[in-house]
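2 protein chains.
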Amino acid sequence: MNRHLCLARRPVGKLSGADLTLVETPIPSLEPGEVLIRNTWLSIDPSIRIQLAESTPDGYLPPLQPGDALTGLALGIVVETRNPNFATGDLVSHTLGYREFAIVGPDARTIGGYGAPTRIDPRALPPQWFLGPLGSAGLTAYVGLFEILELTSADTLWVSSAAGAVGLLAAQLAKLRGATVIGSAGSPEKVTFLRDDLGISAFDYHDDPLSESLAGLAPGGIDAYFDNVGGDHLTAALDALCPQGRIALCGAVSEYDGVATAGPPNLFTMVSKGLRMRGFRAGSFTHLQEPMRQEVAGYLADGRLTYRESVFDGIEQASAALVAMLSGETTGKTLCRLRSA
Amino acid sequence: MNRHLCLARRPVGKLSGADLTLVETPIPSLEPGEVLIRNTWLSIDPSIRIQLAESTPDGYLPPLQPGDALTGLALGIVVETRNPNFATGDLVSHTLGYREFAIVGPDARTIGGYGAPTRIDPRALPPQWFLGPLGSAGLTAYVGLFEILELTSADTLWVSSAAGAVGLLAAQLAKLRGATVIGSAGSPEKVTFLRDDLGISAFDYHDDPLSESLAGLAPGGIDAYFDNVGGDHLTAALDALCPQGRIALCGAVSEYDGVATAGPPNLFTMVSKGLRMRGFRAGSFTHLQEPMRQEVAGYLADGRLTYRESVFDGIEQASAALVAMLSGETTGKTLCRLRSA
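Quick note, the sequences are listed as chains A and B, same order.
Our numbering puts the first residue of the first sequence at 1, with every later residue one more than the last.
Our numbering puts the first residue of the second sequence at 1001, with every later residue one more than the last.
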């Protein structure tokens, strides 16, 4: 038997555990081309919240309906195969997370450009890093900084949600490349983590108006903003950016969890200051996966990059993991480790 | 004696003629380095409206105070000079419009990057074209299309306010470069002008929801949007853009005239579709003035580019010209011709 996390009812406002339910179904037998994967690690990412709403933005996957199983990036072991490209025992990354077993066919649908199951050779590395710093979180940070923002060592960069899976990588990669980095987060513990563990100037966005906190840490303004939050954070960035400044729109977690927001009221500063803003998803830049992995793996190996995980155990905890991550209660990459891992 | 158009009181809502007043002052004698210019043509541009509000966006000139004279691009003849770089009789462009006589010193302040008085050699061309297609309107259209949007002949482009000074140039330059162009405007007459005189697909934004009008003329979506309007037009563009689409933010006339607007509620489509948005002012790209003039003057000379002006006569009409232009009642470039022209 298999257990899937499914949408029980459409969330009103913030996601609660009661909006999700674990459903048990038999595992069907494989068709030609399919592989059966026993999931070992589930990636708990904010973007799935978008699909729980009644409608999704243009360009996004359609909304899930009550009864539908959630999907997400995951790692697992091939336990049965009718696909000659995969052997029993292979470690693969794929997009059918939030379940214990996944059947993935040759035409597996993609999530943000991540699609077909991919064989992973973790060598001596923790395999779950291929969902984090060596996987989509790493690629998102790398693409945002170096492709979208074209970051240089002369830049002062603000990273919001800097204690999150992507943010902590973006903040550290930027610092390692010589940029001046300011991070923001939503609790005193996270700010302490950013300051003491990552060595980054940081503030708690609850403490003072964002504009004051930014002016305090970057009196000359910022050159670039890595946006994981949207909403009032994006508004503050538009005000704080210097002429010709750049914004990478990576996500807008402040807007996912049932809060309808208008866009920034000061978007005209884009004209008055000649600003650039670009949205992106890492899945459109998979050609950069290998250079990213080389750079990030090197930093992890020599200890120059600190990585943090919040791990929940068992498929029964997947819904709690998602609720906690969306509420800002987790630090670093949020993962669900299945008993079989 | 000189007559200046001054701010009488801060406008509430739409600008009215009573918010402005014509003030007469004596012309002081020249200091060393200064020239006295008798203005012949005043450029009536929407952006001055921004400075009539209580505060201006970051990166912009400060607001005018009641009693202050309006400024703007203008052409005039040097009638007296204490600057060896200018001779009596020179035709110059400068930024002290909205007045009959201007005294411009060597440290004249700039407007959007346009600053020091510049000698113009109109040859056989109408001199006021150096405020329009061969001046800031031409450069704005050219920069927006080719520097900001990086337009190609494969693109489907939407130009809003396409019957305005910048829009009609942008729409035609794009078409001449082979792009598919859709223009929008705010009256049946303007739409007829766009269709019949410029040969461009066009719609009146009052007729139907913007998304329907766009879908009708560009069923496959648009690749690029030249924004002169902001507000609901920008929102519609975000919805209509294809993945990897681009937006040039040139101005936001819908937001200037006393209408406070929130930003687009669908800005997240920037992420989901990987869109790019960039604001600009032509004054940051004056190095492109010469290539722009060569291309545009060639099109004007051989009749491939249609140009339209709305001309008001006399400094007494400058305020009516500005009010009419902001209300969308003028087509093409709005100008005020002084009696001495």
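For the record, the hints were derived by calculation from the structure and aren't laboratory data.
As the structure is a prediction and not an experimental result, all values here were calculated from the model.
Beta carbons: idealized from backbone N, C-alpha and C, even for Gly.
Among the hints, a few may not be true.
Stated by the list, open to error - DEER-style ranges, computed between Cβ atoms:
| id | chain 1 | residue 1 | chain 2 | residue 2 | range |
| --- | --- | --- | --- | --- | --- |
| 1 | B | P1265 | A | L22 | 32 to 40 Å |
| 2 | B | A1215 | A | E147 | 47 to 55 Å |
| 3 | A | T286 | B | P1188 | 43 to 51 Å |
| 4 | B | G1298 | A | D68 | 30 to 38 Å |
| 5 | B | E1290 | A | D68 | 57 to 65 Å |
| 6 | A | Q244 | B | A1215 | 29 to 37 Å |
Said to hold, decoys possible - Part of the chain B face toward chain A, derived, beta carbon under 8 Å:
| id | residue |
| --- | --- |
| 7 | A1053 |
| 8 | E1054 |
| 9 | P1057 |
| 10 | Y1205 |
| 11 | L1288 |
To be verified - Listed below are several chain B residues computed to face chain A (Cβ distance under 10 Å; list not exhaustive):
| id | residue |
| --- | --- |
| 12 | I1050 |
| 13 | T1056 |
| 14 | P1243 |
| 15 | E1255 |
| 16 | G1274 |
Right, here's what the structure says about each hint:
1. B:P1265 - A:L22: 32 to 40 Å: Holds: the Cβ-Cβ distance is about 34 Å, inside 32 to 40 Å.
2. B:A1215 - A:E147: 47 to 55 Å: violated, 31 Å
3. A:T286 - B:P1188: 43 to 51 Å: holds, 49 Å
4. B:G1298 - A:D68: 30 to 38 Å: violated, 59 Å
5. B:E1290 - A:D68: 57 to 65 Å: holds, 59 Å
6. A:Q244 - B:A1215: 29 to 37 Å: holds, 35 Å
7. A1053: violated, 11 Å
8. E1054: violated, 15 Å
9. P1057: holds, 4 Å
10. Y1205: violated, 19 Å
11. L1288: Violated - the Cβ of L1288 of chain B stays beyond 8 Å from chain A, reaching only about 14 Å at its closest.
12. I1050: holds, 8 Å
13. T1056: holds, 8 Å
14. P1243: Since chain A brings a Cβ to about 6 Å from P1243 of chain B, closer than 10 Å, the hint holds.
15. E1255: OK, holds: E1255 of chain B within 10 Å of chain A, min 7 Å.
16. G1274: Holds, about 5 Å.
In terms of the numbered hints stated before, the structure departs from hints 2, 4, 7, 8, 10, 11, listed from lowest to highest.
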